[in-house]
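Residue numbers (this note's numbering), protein chains in the order written: chain A, 51 to 453; chain B, 51 to 453; chain C, 51 to 453; chain D, 51 to 453.
Treat each hint with caution, since some may be false.
Identical copies carry no separate label here, and so any pair may be met within one copy or between two of them.
As a list, the in silico BS3-like pairs of lysine-lysine whose alpha-carbon atoms are at most 30 Å apart [as the list claims (entries may be wrong)]:
hint : residue 1 : residue 2
1    : K425      : K439
2    : K172      : K137
3    : K375      : K416
4    : K398      : K59
5    : K345      : K299
6    : K345      : K177
7    : K83       : K390
Calculated from the structure, these hints are not laboratory results.
Spelled out, the chains give:
4 protein chains.
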Amino acid sequence: MFKRLERTKVFRDPLYGYITVDYKLISDLIDSKEVQRLRRIRQLSGVAMVFQTAEHSRFTHSLGAYQMANLVIQNVEGIESLTEYEKILFLCSALLHDIGHGPYSHAFEHVMEASHEEMTSKLILSKATEVNKILSISPNLANDIADVISHSGKFPIIESLVSSQLDVDRMDYLSRDAYFTGAAYGHIDYFRILRSMKLMDGKILVRASGVHSIESYLMSRYHMYFQVYYHPVARSYECILEGIYSRIKDLVKENKKVDASIEAFLNVIKSSDDIESYIELDDAYVNGFIKQLTKSSDPILNKLSNSFQNRKLFNFVELNNDPSKEYLEYVKGLHNDFNKRYFYRESKVSAVAYLHSKTSDINDIKVLLPNGDIKSLDQYSNLIEGLTKSSYKSLERIYFLED
Amino acid sequence: MFKRLERTKVFRDPLYGYITVDYKLISDLIDSKEVQRLRRIRQLSGVAMVFQTAEHSRFTHSLGAYQMANLVIQNVEGIESLTEYEKILFLCSALLHDIGHGPYSHAFEHVMEASHEEMTSKLILSKATEVNKILSISPNLANDIADVISHSGKFPIIESLVSSQLDVDRMDYLSRDAYFTGAAYGHIDYFRILRSMKLMDGKILVRASGVHSIESYLMSRYHMYFQVYYHPVARSYECILEGIYSRIKDLVKENKKVDASIEAFLNVIKSSDDIESYIELDDAYVNGFIKQLTKSSDPILNKLSNSFQNRKLFNFVELNNDPSKEYLEYVKGLHNDFNKRYFYRESKVSAVAYLHSKTSDINDIKVLLPNGDIKSLDQYSNLIEGLTKSSYKSLERIYFLED
Amino acid sequence: MFKRLERTKVFRDPLYGYITVDYKLISDLIDSKEVQRLRRIRQLSGVAMVFQTAEHSRFTHSLGAYQMANLVIQNVEGIESLTEYEKILFLCSALLHDIGHGPYSHAFEHVMEASHEEMTSKLILSKATEVNKILSISPNLANDIADVISHSGKFPIIESLVSSQLDVDRMDYLSRDAYFTGAAYGHIDYFRILRSMKLMDGKILVRASGVHSIESYLMSRYHMYFQVYYHPVARSYECILEGIYSRIKDLVKENKKVDASIEAFLNVIKSSDDIESYIELDDAYVNGFIKQLTKSSDPILNKLSNSFQNRKLFNFVELNNDPSKEYLEYVKGLHNDFNKRYFYRESKVSAVAYLHSKTSDINDIKVLLPNGDIKSLDQYSNLIEGLTKSSYKSLERIYFLED
Amino acid sequence: MFKRLERTKVFRDPLYGYITVDYKLISDLIDSKEVQRLRRIRQLSGVAMVFQTAEHSRFTHSLGAYQMANLVIQNVEGIESLTEYEKILFLCSALLHDIGHGPYSHAFEHVMEASHEEMTSKLILSKATEVNKILSISPNLANDIADVISHSGKFPIIESLVSSQLDVDRMDYLSRDAYFTGAAYGHIDYFRILRSMKLMDGKILVRASGVHSIESYLMSRYHMYFQVYYHPVARSYECILEGIYSRIKDLVKENKKVDASIEAFLNVIKSSDDIESYIELDDAYVNGFIKQLTKSSDPILNKLSNSFQNRKLFNFVELNNDPSKEYLEYVKGLHNDFNKRYFYRESKVSAVAYLHSKTSDINDIKVLLPNGDIKSLDQYSNLIEGLTKSSYKSLERIYFLED
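Put together the whole structure using the sequences plus the hints.
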């Protein structure tokens with residue numbers, strides 16, 4: 051039913067050797083404006099300020115998640131029971147799951163009314179996008195993909211393969227972020243994991259014999275969080291961005307001019323339905339107007355954009371390290387309340403290696419025992435059960451501009 | 051004499067594990083505006099259109115070349131005879147050798163009056179740059195680095211280590227470009243090469259026992275040229291850029307307005323001495339104004355910038371593959387002479403694995419025999435001698451816009 | 051004081067690139083009979099029956115542990131305060147720590163009166179060995195090395211670097227065994243670990259900022275235990291060996307002839323002081339006499355050695371998986387009490403990711419906080435504290451010959 | 051027709067991740083005595099004396115060649131036209147192609163009347179082997195495999211895939227030997243090569259677009275020859291073995307006793323049809339009797355076996371390096387004519403990166419041009435044409451025992 055390419059198209063990839071495309075539909079989606087835009091948005095935003103080689107884009111991750119879906123189809127027992135339509139639905143969802151990300155996504159969501167997941171759905175469903183036009187070759191495809199991505203519950207297997215505790219998204223990005231940062235933690239044995247997964251009675255299970263590879267994967271993820279994704283310097287960079295965005299929003303509210311070309315940005319803040327403007331936004335766009343703002347007549351934007359441009363990052367204090375009262379008072383007194391809105395940020399991040407199945411049964415990884423029984427991962431593995439408590443870690447920091 | 055940091059600063063790097071900085075001077079240079087700017091310029095420009103993961107910046111390569119200089123100092127026999135000043139000169143030259151690159155450098159040099167090497171010298175010597183200010187802690191340092199980079203002949207050893215057939219620049223970028231493209235060719239045994247090099251009587255020599263590692267390195271370089279750097283699709287991307295730049299230049303000559311914010315770009319075309327404008331230029335800058343040009347009222351800029359933005363690349367014909375006369379005529383007739391200036395380009399690239407020492411004695415790699423004699427590499431190795439002829443390959447292509 | 055080689059000697063190594071030798075003493079030790087013998091003893095004995103590429107020898111690991119000691123000397127802050135003698139002591143101890151291993155060491159220790167650590171000391175101290183002769187260039191060196199290896203407490207820093215929870219032995223073998231098995235678990239970030247270690251007030255500490263790399267290392271070790279070292283099939287292979295050794299011992303006790311050339315083996319069983327005989331033993335020796343035993347007139351040796359030779363391994367039942375009573379009775383009834391001595395083995399292995407500091411303060415890893423305080427690792431890290439309990443895993447199995 | 055396993059069997063492999071077995075026939079062959087014997091024969095014999103980690107066995111290479119055949123079947127265009135029988139024939143031939151190798155094969159062939167290829171055929175065809183019994187499930191299979199391995203011309207496609215200039219044997223061993231030696235040369239882009247191969251009109255062709263990957267592969271092979279396989283120290287080790295074998299042969303001829311247990315060895319020298327004895331031979335066997343010979347009453351065997359055992363290798367002189375006349379005379383005068391038979395060897399090895407198609411049309415790699423024409427590789431590629439001459443290198447050495 052779905053047209054195949056005459057010859058398999060391949061993309062060289064340092065992680066998988068090659069990414070292979072057999073369907074014309076997939077090839078067309080990759081070539082669409084909305085997917086190509088991801089080339090211009092970095093996967094890890096400010097992390098490249100610390101791990102300078104982490105310059106890879108959301109595009110390469112999207113291709114990677116798609117290829118991981120390919121590998122799931124080739125390797126997971128029981129997946130052959132899916133129909134061709136379901137496989138296509140899976141491949142497309144994997145490829146498109148991140149198209150709603152804006153530039154420097156985390157900071158960006160602070161000023162947007164819609165999350166990046168919602169934007170992904172909008173882009174898929176909007177008649178204005180190339181992606182939507184391409185998907186229209188099959189009547190319900192666009193809607194079904196949006197359903198998968200918003201976890202509607204209509205396609206539980208595919209939803210869990212695309213987004214859960216163990217999905218093609220995470221399996222690709224952990225490996226990929228490790229490769230491009232040079233961090234030694236994210237190496238996961240994905241082939242072993244795929245071979246221990248099994249589709250049975252409508253559920254994705256993990257065989258008991260493969261639990262160790264899941265344990266190892268969860269620890270890798272955990273370490274990537276604290277060593278890479280939550281790195282204080284990367285967060286500091288985002289804090290400056292948040293300051294810039296807040297200031298712009300405030301100026302607009304007060305009907306003041308922002309002296310840079312940011313029409314599309316303003317349109318999007320006003321309405322997340324302005325798809326055309328949204329698609330214009332990418333890292334270059336943000337970097338571009340911030341560079342203009344380095345000459346802004348507004349002293350706050352001027353200061354923040356110069357900090358951003360010249361990497362004069364916010365300083366920070368780790369509250370977990372018991373800083374002295376005096377120092378804390380000094381930090382808190384650096385800026386008055388008005389300036390704090392832009393130059394001062396309290397930040398808290400936390401993670402746990404695994405959420406206890408009582409808290410989050412829906413996300414729980416299910417283990418298939420040799421005797422056919424099925425158990426929650428934390429019921430099966432003492433190690434994981436222990437980690438649901440002992441691995442919880444929360445980092446509280448204050449970021450602040452210090453001249 | 052040169053101040054050391056209290057604790058060695060390290061940068062994680064996927065190739066070397068870590069890049070280490072011991073001198074305050076180096077740390078300051080890395081933090082300078084001009085070196086940081088390289089974060090915003092991709093090492094391989096349009097190559098990422100084919101090898102989508104080749105998104106690494108000139109910044110990571112510059113750190114890499116610096117680290118390779120570190121490795122030379124630690125591993126090459128005889129280097130210990132250099133003074134500390136000479137070592138600092140070497141490290142700085144390695145770090146700074148590429149700061150003169152503009153965005154999409156190759157295409158860019160078509161409209162500039164100065165090469166990127168000349169721009170590097172200007173940036174180092176100009177009083178307006180942070181780099182120059184930092185280097186002024188030692189009276190002649192800036193001048194000496196510029197001399198090294200322009201091959202003045204004043205510091206022959208360091209010049210040859212920074213730029214020759216076998217230098218820290220190439221040793222880093224071959225490995226690095228291979229790592230980030232995923233191409234299988236660039237893996238060079240740099241540690242073996244370093245250990246076979248020897249500084250003797252003011253010359254860098256290669257021991258006969260290490261010649262095989264040089265042969266292998268030269269073949270890697272050769273294959274990287276034809277498989278990666280000269281890839282037809284990457285070149286096609288650059289052809290569009292050249293078209294855009296030419297059109298802008300022509301409009302300016304005719305005193306017509308270009309409807310995009312390109313002041314800094316125009317300043318630089320006018321005078322390569324406008325350092326401040328030059329430093330503003332980076333990939334974001336170019337991507338930014340090209341995005342504006344997609345709505346240009348000039349039909350030529352409009353068409354070209356839309357091609358660029360949406361990756362509708364120029365088509366091409368390989369003349370080496372003996373295309374039919376009819377097809378060639380068709381291609382040549384697609385555009386009239388005026389349009390050809392922007393939509394049609396004849397391109398020729400060529401490379402040889404090794405230049406014969408007769409043609410290029412100055413670049414020749416010198417081999418140290420067990421008995422103490424010194425021979426040119428192509429006199430010593432039949433393989434290399436053969437390659438000076440047989441490996442010569444030239445690719446002629448016509449690129450053209452086809453609707 | 052210690053003579054240096056004219057030119058650094060290097061050994062190619064896939065893990066470190068190169069292993070470098072600067073001292074003549076080390077070079078001589080590597081060339082000694084006792085160290086060379088380790089080429090003929092596989093690092094992982096029966097593991098190669100499951101991970102077929104795990105064919106690497108104890109020799110390559112010994113060189114690796116030596117090189118890791120080199121890396122400690124080059125990278126750990128504070129180590130420069132050791133004297134040259136102490137550094138030599140450290141390097142020699144790392145190189146020689148395993149020379150006392152016999153072929154298929156684990157099974158072998160069942161019939162020996164001395165552990166492999168005791169044998170290492172004997173080989174170092176015995177006047178009959180080349181190693182001892184080489185070490186005699188410095189009056190106390192042999193004794194001091196033996197003291198380090200037997201944890202006498204005389205050189206606490208070096209002892210802890212050579213053998214503790216975090217030592218050059220483990221850091222090399224985890225990486226190495228992962229490389230040669232192809233298992234994805236053992237990749238440890240040893241360079242990060244080395245850089246976070248600090249010698250202070252006579253103790254090796256780990257900076258708080260490096261604790262995550264230690265957490266990751268401990269998890270890697272844990273997974274290697276259960277996935278590789280305790281693999282049931284590898285253990286099965288050792289059970290056959292234990293059967294063979296027991297039978298030989300029993301025959302000798304009864305003054306019966308064993309129809310194979312095993313003089314050296316018998317000598318060693320009689321007295322672990324027969325160094326000359328001990329050195330004759332290696333994998334080839336054991337494989338050799340087992341091959342002869344495949345034609346033995348003793349039916350028990352005949353059966354066992356044929357099993358060994360043709361890889362007809364003992365079957366096993368995992369008691370953790372709750373096998374049925376019937377099956378257990380069947381297994382226990384397969385052999386009578388006499389035969390059980392050779393054809394039936396109850397096996398229990400267990401491990402925990404980290405021993406609680408209350409149980410094992412001596413082995414505890416100490417963490418240096420930013421404020422200068424020192425804490426036990428499990429006091430500092432909740433994750434590790436949790437693992438001291440939750441990661442405990444014990445595997446009970448019955449191995450048995452089943453025709 | 052051929053029975054499939056209920057669940058795919060996998061072997062972990064560091065090169066391919068996993069080696070997969072779907073057919074019961076293949077699984078049975080792997081478990082056979084003759085294939086298992088290859089676990090006890092090192093792939094690179096004496097090379098481990100130089101590259102100490104090169105301890106991998108012919109078994110892992112045989113599995114690797116089999117897996118490469120799997121990859122050919124999955125990736126090469128046109129291969130789907132082979133029948134299932136032909137595919138099985140291909141897989142079996144790849145797996146079994148090396149079972150005829152003896153221990154330290156190169157030296158061993160000096161005293162044998164049959165080459166290892168002939169021994170492979172004998173083992174496959176002899177009723178005495180397990181392999182033969184397993185293959186008998188299909189009437190002609192054993193014969194057809196022997197035909198493939200002896201290049202009978204009956205199955206030209208499969209023959210060329212199993213043994214030619216570009217075959218599954220070489221593609222596996224270059225990668226594998228590079229991985230286990232740590233040499234940086236053997237990394238070949240096998241996936242790219244497979245994708246550029248095409249089965250057309252009964253011939254395996256390489257598309258012009260993939261020729262660069264073939265050029266790179268040929269250079270890798272060439273460098274592996276001179277850096278690894280022909281390494282002088284590895285050859286020296288083999289020279290001692292050749293001396294030992296010659297001496298044994300001479301003693302036997304003179305009806306003198308050899309004081310070691312070498313019945314099987316003697317049987318095999320007498321008749322290469324003594325399959326049962328042949329299968330007994332492995333590295334352990336040879337190492338075992340050499341150890342016994344270190345106490346031999348024959349002074350020649352005594353000296354040689356002690357050299358072998360204690361790695362006191364023959365010295366050598368490279369004739370290519372123009373040694374002085376005096377030194378050569380000294381070397382030649384060290385031993386009288388009788389002793390030279392055992393203690394002195396003239397050795398010559400040579401290789402070329404590619405044999406000219408005029409000399410060896412049968413081995414030539416054929417290139418498929420875009421227009422459908424087919425050319426010999428050296429006609430198509432100037433580089434290769436040049437290498438047929440310039441890469442020829444011959445090394446002449448004299449090896450000799452020097453006390």
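Results for each hint:
1. K425 / K439: So K425 and K439 pass the 30 Å test inside a copy (19 Å) and across (21 Å) alike.
2. K172 / K137: Only inside one copy: K172 and K137 sit 22 Å apart there, 49 Å across copies, limit 30 Å.
3. K375 / K416: Classified as between; 27 Å across copies, 47 Å inside a copy.
4. K398 / K59: The answer is between: 27 Å across copies meets 30 Å, while 44 Å in one copy does not.
5. K345 / K299: Intra 18 Å, inter 27 Å, cutoff 30 Å: intra and inter.
6. K345 / K177: Between copies only: 22 Å across, 39 Å inside.
7. K83 / K390: Between copies only: 27 Å across chains, 39 Å inside a chain, cut-off 30 Å.
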